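Use the sequences and the hints to build the structure in full.
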Amino acid sequence: MEDSFLYQAIIYLTAAILCVPIAKKLGMGSVLGYLLAGIIIGPFALGFIGEEGEDIMHFAEFGVVMMLFLIGLELEPAKLWQMRAMITRIGLSQVLVTTLAFFGVMVGSGFSWQVALAVSMSLSLSSTAIVLQSLKEKNQMDSAAGKNSFAVLLMQDIAVIPMLAIIPLLVVAGESLSGDHHGSPIEQFPGWIQTLFVFGAVGLVILLGRYAFVPLLRIIARTRLRELFVASALLIVVGIAFLMELVGLSPALGTFLAGVVLANSEFKHELESDLDPFKGLLLGLFFIAVGASINFGLIGDNAGLVISITLGILLVKTLILIGIGKYAKLSLDQNLIFAIGLSQVGEFSFVTYSFASQLQILDKPTTEMLMAITAISMTLTPLLILLNEKLILPRVGTLEKTEKEADEVNEKNEVIIAGFSHFGSTIGRFLRANGIQATILDNDSDRVDLLRKMGFKVYYGDATRADLLESAGAHEAKILISAIDSPETNYLLVETVKKHFPNLEMMVRAKNRADAYELMDMDVPNIYREHLDSSVRLGKDVLVKMGFRAHTVHRLAQNFIKYDEAALKELVKVKHDQKEYISSVRRTIEMQEALLSSERNRQFTLNDHAWDSEVMKGK
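In the working numbering, the protein residues as written are 43 to 661.
These are calculated hints, taken from the structure and not from any lab test. Do not take every clue at face value.
Claimed, not checked - Dumping the calculated BS3-like pairs for lysine-lysine here, alpha-carbon to alpha-carbon at most 30 Å:
1) Lys540 <-> Lys553
2) Lys617 <-> Lys66
3) Lys432 <-> Lys66
4) Lys617 <-> Lys604
Every value quoted in this text rests on a predicted model; they were computed, and no experiment measured them.
Structure follows, in structure tokens:
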């Protein structure tokens, strides 16, 4: 019973459902939750799955295969070309410097250069899943740290291809390969011929992608059967993975190439939407497998050595990344986010370890040790990121800069703007153009530096802090405009203002209707949904192009917004009762359409013609 697929599936899913929400509630992120779930159900804890851990790594392999396909699908050549300078300058520097550093340490420690090169290349990689998921959860993808991290991860994904091509050559150079190894069908050939097979296979994948895969998908798409389309895409992925196995490469590399080949096709977005529901689950299974694969027996016997090596790797990678970040002119807070976030060893290292082990470049004890070190480094990363946010940045980054800027925030303007990205800067420029000066606060240090160069007087700091608002003149100001992108930060700011500055009238940005409901529950009177006006403005332009008078369209648009805002106040009362909510939405839509129809049929005066540019031109 314990070996059945359904039993294993129940264990995996139950562990994930229990552990991930707890980890997220504690602010540790979903990745750490999956890792903890794997540790708990693994063979070295409760022992629900795989005594030897072999079945677990099959899940891990499949998770990596699917993850690499989706990563490859996102690597559009146009995007790579646009980021070429950052990818080569930052990403390539990280891969080369880190590989050389660990290579030197290992050769100096007595390892053969073949083992040292295989391991050092693996250690240079970082976890794409952990880093990107952490940046997205914390809304940092558009920050300087986020952009540079993405460039490094892209370079690492690309570097995997030559790494997996180099590893078979190390077998040729090494003399310790035993004669009883059974691997790929081409292993009996000399090393240089094997290398030709590898590059030939890569070239064949590219040619098939251009002249066979896309035409095949076009044929399948004409059937309009979604499941058949997905099956065809998976057939291509599995076929390429099989081809990679024939030439001695990892199946994950094959799926990565398949994704890259299909990234430029017209089917890219359809493939992404079809496979997206599986992406999170497969990544979760991968991280559960990683947690379950940690050999606690090995760690217990060599605890001091394993922990020392793990911390040493994290420290070396962090120092190298800080140096690269300094070269890239990142501010201190962004550099720490960048360096600590990428300091772990990545998930693809499990594949390179396994590949090197199959080729007997690495022996079994070394492979298990490296897997334990990698898993621990990945497990520690979310905790290190959390410690960086809570303990380090407030002392050497955010707090230091906030206090420095707070001494200068003495403008005492009647308007304060929190958040000065695209939404906030538009408001600020409009007010300034009409003679209204505002005190501007933003917590992205790089954006603050850029805005200052553009001529804006912007203060760095976290607007949710009462002391910063105090120094910005919140007691004397009349209006606080919150143009912050994060709804959670907006909620915190509203609570801070209501508690410490009840005199301030708040005008708050809402991303959507659900966000607006939350703000209404907090008794915020002035809420501005960021897409409402632009959507209505587009509709106005359509009506004008359909022959409506410009002033009539303006009046209809204003009435639509008025009716929609009134409906919002009614709908918020029943938002938790789905049946009543749907019924209320239908009633408000019917009423809104009836009112607008009545308004549209009114007999307007000739003044409505005064706004029409064509009429004015005729005069």
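Quiz item: So which hints don't hold here, by number, going up?
Solution: When the structure is compared with the hints, none of them turns out to be violated.
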